[in-house]
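Protein chains in written order, with my numbering: chain A, 1 to 101; chain B, 102 to 209; chain C, 210 to 738.
Read the hints as simulated data drawn from the structure, not as lab findings.
These figures come from a predicted structure and were not determined experimentally.
Warning: the hint list may mix true and false statements.
[As the list claims (entries may be wrong)] Per the computed footprint, the stretches of chain C lying under chain B, defined by three or more beta-carbons under 8 Å from a beta-carbon of chain B, are:
no. : segment
1   : 383-396
2   : 614-625
[Stated by the list, open to error] Examples of chain C residues lying across from chain B (beta carbon under 10 Å, computed):
no. : residue
3   : Arg340
4   : Ala399
5   : Val404
6   : Met410
7   : Arg502
8   : Ala504
9   : Gly536
10  : Leu540
11  : Gly543
12  : Phe545
13  : Ile549
14  : Leu550
All C-beta atoms in this analysis are idealised placements derived from N, C-alpha and C, irrespective of residue type, glycine included.
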Amino acid sequence: MKGKIASLPMSYRLAVTSRVLAAVFGGYLVAALASVTLTMWLPLSRAEAVVTGMTISFLVYLVAVLWCFACRTAWSAWVGLLVPSVILATASGAARGLGYA
Amino acid sequence: MLLALLLCYAGFTALCLSMPRHHDELLGHKPSARRARHLKLAGWLLLGASLWAAVAANGWSFGLVDWFAVLMGSALVLVLLMPYRPKLALLLAALSLLATPVAAWAQC
Amino acid sequence: MKEGFRQAMAWLHTWAGLLFGWLLFAIFLTGTLAYFKDEISHWMQPEIPAHAIDSAASLSLAQGYLQQHAADASRWVIDLPNARDPALSVRWQDAPAERGQRGRFTQKTLDAQTGAEIQPRDSRGGEFFYRFHFQLQMPYPWGRWLATIAAMVMFVALISGIITHKKIFKDFFTFRPRKGQRSWLDGHNAVGVLVLPFHLMITYSSLVIFMAMLMPASILASYGTDRDAFYQALFPETPIPERAGQASLLPALAPLLAKASEQWAGGHTARVSVINPGDANATVQLSRASSDRIAYEYGHDVTFNGVTGQLLGATPDKPLPMTVASGFYGLHLGHFAGPILRWLYFICGLAGTAMIGTGLVIWLGKRQLKHAKSGVMPFELRLVEVLNIASMAGLVLAVAVFFWSNRLLPLSLSGRAEWEVNGFFIAWGLSVLHALLRPGRKAWIEQLTVAAVLFIALPLLNALTTAHHLGVTLVQGDWALAGFDLTCFAAGLFLAWAAWKMQRAGLSVRVKKAPRTAPGPVTLEQRTH
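With the rest of the complex left out, here is chain A (with noise of 0.2 Å):
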């Protein structure tokens, strides 16, 4: 390492600190919203469904948190969170509607 960590530029940290929130946030409402759209959707009883959605949901953070450092820049680690996002939550909110809950 040339400099030490002083020499990284603002636009630099700034971007990381945007990954990590997203990762850290985003992630979990993506996770939080697979777990309940698994829920509401799985032809299982209630409890069954319940437990089923939560013990996958995990899975679906990691993938978050990997995605919001592996693309590009901050700017698409947040949109890559809010379309499935916005997905899930129709998806749940369908399922709601049509009864399923």
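Once you've looked at the hints, dock chains B and C against the given chain A.
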């Protein structure tokens, strides 16, 4: 668990030997393509046999756990022995193979 | 593009690993010790004698004791001894003074063979390590939140590590010692890859164990505010009949053990609870030993009417999703493991601890090389160095002090158990101070040496302070006690060897190779496509 362990260790050693770099380290020369293939096949067969041995001994749920434990344990032993006592590592594999019929008889 | 992905994962692995490494090292080390928590407790409370297990006899003794001392209690709880935990423990709950209040609990330990009351020294025993590894000595619920956040970071670090490790198959059997930084990386990869099934299982299962706390969204979406309904569906309970108000002598409980075992196809009872003993509607609940199966199920019971012996209910088999979740829980706890498998669990745990530790050492080592010539370490690296020493050597030292205080603190000291724990944290705190005041290498050597001496001398201390030393335990065949002494001795030898290696590495003249063109810092945003 003993039979599964013996088969696992032997299997891992075979797989290790099938890699030219390790074959060279352990036996002093690189393997021919044919030998490497045979070692690889033998290695995988032995690992498969160890899975069967573990499940046969304790059923599917306990057997699978035992197998993974034995898998990880024997891999650690082999990898830690190789740089320090390569001859011993090979000897243990040979002994494991020799002892398998005895262990199989003891298990069944 | 692919190169960019791997680089990004390497960056993620490096920083996630560093920032949470110190905490994860502590979690892994104490969790690993927890696999032998019963044996540790047995050593720390040697007053509880270990006998051959006779559940029916022990249960009868416990019942006799409770009939004599707690006939008016509203609830009895009897914890039967087992192969790993020799204690016969009885608890009773007095009827609450007012409605809605909980009655007072009293606990006593009995000799499993004679039924006589024992006063073991007040100590948390191995439970301390068990509780610490997921509660971190922090007030509820903050400790477990921090620990589970660390678990999620561990999961990310594991997967990103796998992705980064390009030659994961090629280098599967590769370990090249005596080559400096290269060896540390080989070691890190070896304990990581070879034990990967365990690492993945232990990390994911720890998230599943706390999933109701971590990911409640599904419960809220499905059950709304009626959480109790969810837990009732999860853990169906046999309803307990109300007090009849009619006195009735409780018959012998021991025969119920066989009845329960029948229900469980040969399973074992770990706990017997009697609700309303002495009443006509006395209810006896037998809870199954968690060592019977892999799936860890909270509250797997068979319930009988205490007076008539009639079966009132049994916990039904769980549906598949619950069994899978319980399977994760059970795999994590390893209650079902016999002695050999338990040692393998322990070794895998140590491997995980070593994986984290080597990672921390590599992180610093790589960057230290660049500053070796100037002799002055920038603040960030010095901070990492101090944290590395304190969180690893310091922690191990603290564990030794915990055991030493168990043997040295006076038996009659009030709050003895807390003082043992205080000793642990005081020692750990002192190790931080020491690491701050001493140069890095010296601090490592000194702390490792002190820890080594403490562990090596522990069996001797045991012999000087109790009658349960190796001379006796090896002869009697008390393998838990003997094993503890021997393992501590071996641990001490390992620490002494580590200290010696560090000393030698410091003394040898290092041939300064011309630094290879070191790649720049792996930064996330600086990628050209």
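TODO: Enumerate the violated hints, using their earlier numbering and listing them in ascending order.
DONE: 2 and 3
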